[in-house]
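Kindly generate the complete structure, drawing on both the sequences and the hints.
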Amino acid sequence: MQVDQALVMRIARLARIKITDEEAEGLKGELSGIFDWVEQLSELDTDDVEPMTQVVPIALPRREDVVTDGDIADKILANAPMSEDNFFVVPKVVE
Amino acid sequence: MGRKKKTSEKTNLIPGATGDWEVVIGLEVHAQVNSKSKLFSGASTKFGGEPNSHVSLVDAAMPGMLPVINEECVAQAVRTGLGLQAKINLKSVFDRKNYFYADLPQGYQISQFKQPIVGEGEIEIDVDGETKTIGIERLHLEQDAGKSIHDQHPDYSYVDLNRSGVALMEIVSRPDMRSSREAQAYVTKLRMILRYLETCDGDMDKGNMRADVNVSVRKPGDPLSTRCEIKNVNSIRFIGQAIEAEARRQIDVVEDGGEVSQETRLFDPKTGETRSMRSKEEAHDYRYFPDPDLLPLEFTQEYVEELKRGLPELPDEKKKRFIKSFGLSDYDAGVLVAERASANYFEAVLSCLKNSKRDGKLAANWVINELFGRLNKENMGIEESPVSAEQLGGLVNLIGSDEISGKIGKDLFEIVWSEGGDPAEIVEQRGMKQVTDTGAIEKTVEEVMAANPDKVSMVKDKPSMIGWFVGQVMKASGGKANPKAVNEVLKKKLGIS
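Just so you know, the sequences run in chain order X and R.
First residue of the first sequence: -3, per my numbering; consecutive thereafter.
First residue of the second sequence: 693, per my numbering; consecutive thereafter.
The set of hints was computed from the structure by calculation and includes no laboratory data.
Treat the hints with caution; some may be incorrect.
To be verified - Computed list of lysine-lysine pairs in BS3-like fashion (alpha-carbon distance at most 27 angstroms, straight line):
(1) R:K789 / X:K14
(2) R:K962 / R:K898
(3) X:K88 / R:K962
(4) R:K881 / R:K1010
(5) R:K839 / X:K88
(6) R:K1010 / X:K88
(7) X:K71 / R:K839
(8) R:K789 / X:K24
(9) R:K728 / X:K71
(10) R:K1152 / R:K1183
(11) R:K1010 / R:K1099
If you want it as structure tokens, here you go:
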């Protein structure tokens, strides 16, 4: 698959990674290579094969509906660059 | 009975400069699951805690934290699916829906995309006496996001993650609605079902139930056209207003030679208009993929049957039973089942009746007209009623057995409302019992006749005047005479057949 400049910029934007046009130029080749490599998988016919989700048959673990956690606002906010009155404070996200 | 002959297609059309338009509506309702803890963590779901107090390290998306599903949320989704007569999928899959926002610490929402827990179902709605079936496309489980507050600071937003990770059911309808009233009836009915099932409290003021409304317009008979999605409408009234405004806007755009572009819009209750929320080039690409932290959710048909056995009687069934067993009108039965608390109260009154088959309808009238009327006037809820179901049942028993008249019943209701007490005892102590003793009534009748000889001679030619005599006798007895007995005695004495 051929990845062009516009697609590289779009993928970068979706991942919130800021890249320059020069960087995009280099990434174009790298991403094309990765896609080609992954596309080899489509050589196999998997139409009647269920997606494998586990190697040993175990069921999804479940919890009882009880409150066992919380009241740790100090820990939750410990790494926040900014906080006030136990709120996270972030650059304004609306105009 | 009372059914309008007009077809709904005709009445729902919106007139435009180029002819009539039809509006097509589909709804995505987000209903918060009733549970103590969150979908994938043990933090509380309680509303109104201190900021970030109901947050675990899982909800804050700290590295290395793993989600573990809350079994009650799964059960609640299955119960809701059963209540919507929907297909329950014994296997469903959780996916990641990727996007960036300040109140979404994971950078993705855990949701269900290709394989939801509940498939197709339906809801019946009544509009203008006509019943219409609205299709449900699916119901899936997902996480709620946190809450951003934008008005605390000119340069910063404040984020509280208390809601982050709370379980939501997204219930997606088919685009089967053709008017704002149908959409409102759908949400009202859905809310009623959820509240009966106790799977969501339906509190729209707290945002526990909110709707994304998809609206498009077309000329009748045309294929579906481009739709706009109005996000997060949080009251049934606003849902109606948003649809009216958006349909009108789209008609104007098309009639002015423009084209409706697919976009997300917001309804502003202050202006009563919708406005564009984000530009098209920002159209979301969520890049869904199965969440590698979670195995598929699987359960057995026996598990579903077990939950089914535990379901309460739903409003539609209850309404039918009230109509069939007690001869209630469609309207009255509808009023009684509208809220589960009202229905429970009525059923409690029924259980106190000595002859519920005879007096069920009478009890319904008292609950609806006297009790609900009075509660409304005082701005009180059924839970705060000073008259208990036992007291009202006792009162209805006294009327049903002819011990007191309906009129005295109203006086008795007032006494019970303001002073409390057992209705039967009050009637006994205060001598409110109806006089059914024919001898006593005859005596009063004779007195009235003796005092009004002119009227007695007139009534021979004008039998309708008997009403005046009934009034006089009732007055003379202090309202305690049995009106039926008074009528009979009067007819006999006055010689009217």
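Results of checking the hints against the structure:
Taking the CA atoms of K789 of chain R and K14 of chain X, the gap is near 22 angstroms; set against the 27 angstroms cutoff, the hint holds. For the given pair, K962 of chain R sits about 19 angstroms from K898 of chain R by alpha-carbon distance, which is consistent with the 27 angstroms threshold. With a C-alpha separation of about 23 angstroms, the suggested pairing of K88 of chain X with K962 of chain R holds against the 27 angstroms cut-off. Between K881 of chain R and K1010 of chain R, the direct Cα distance comes to roughly 14 angstroms. Compliance with the 27 angstroms bound is thereby established for this hinted pair.
Under the criterion of a C-alpha separation no larger than 27 angstroms, the hint pairing K839 of chain R with K88 of chain X is consistent with the structure, at around 13 angstroms. Our distance criterion of 27 angstroms between C-alpha atoms is broken by K1010 of chain R and K88 of chain X, whose separation comes to about 51 angstroms. Using a Cα cut-off of 27 angstroms, the hinted pair K71 of chain X and K839 of chain R holds, with the two alpha carbons roughly 19 angstroms apart. The straight-line distance between the Cα atoms of K789 of chain R and K24 of chain X is roughly 26 angstroms, inside the 27 angstroms bound, and the hint therefore holds.
Of the supplied pair hints, the one linking K728 of chain R and K71 of chain X holds, its CA atoms being roughly 22 angstroms apart against a limit of 27 angstroms. Proposed proximity of K1152 of chain R and K1183 of chain R is supported: the alpha carbons are some 11 angstroms apart, at most 27 angstroms. Only pairs whose Cα atoms come within 27 angstroms are accepted, and K1010 of chain R paired with K1099 of chain R is rejected, the gap being roughly 30 angstroms.
Hints 6, 11 from the list above are not met by this structure, while the remaining hints are.
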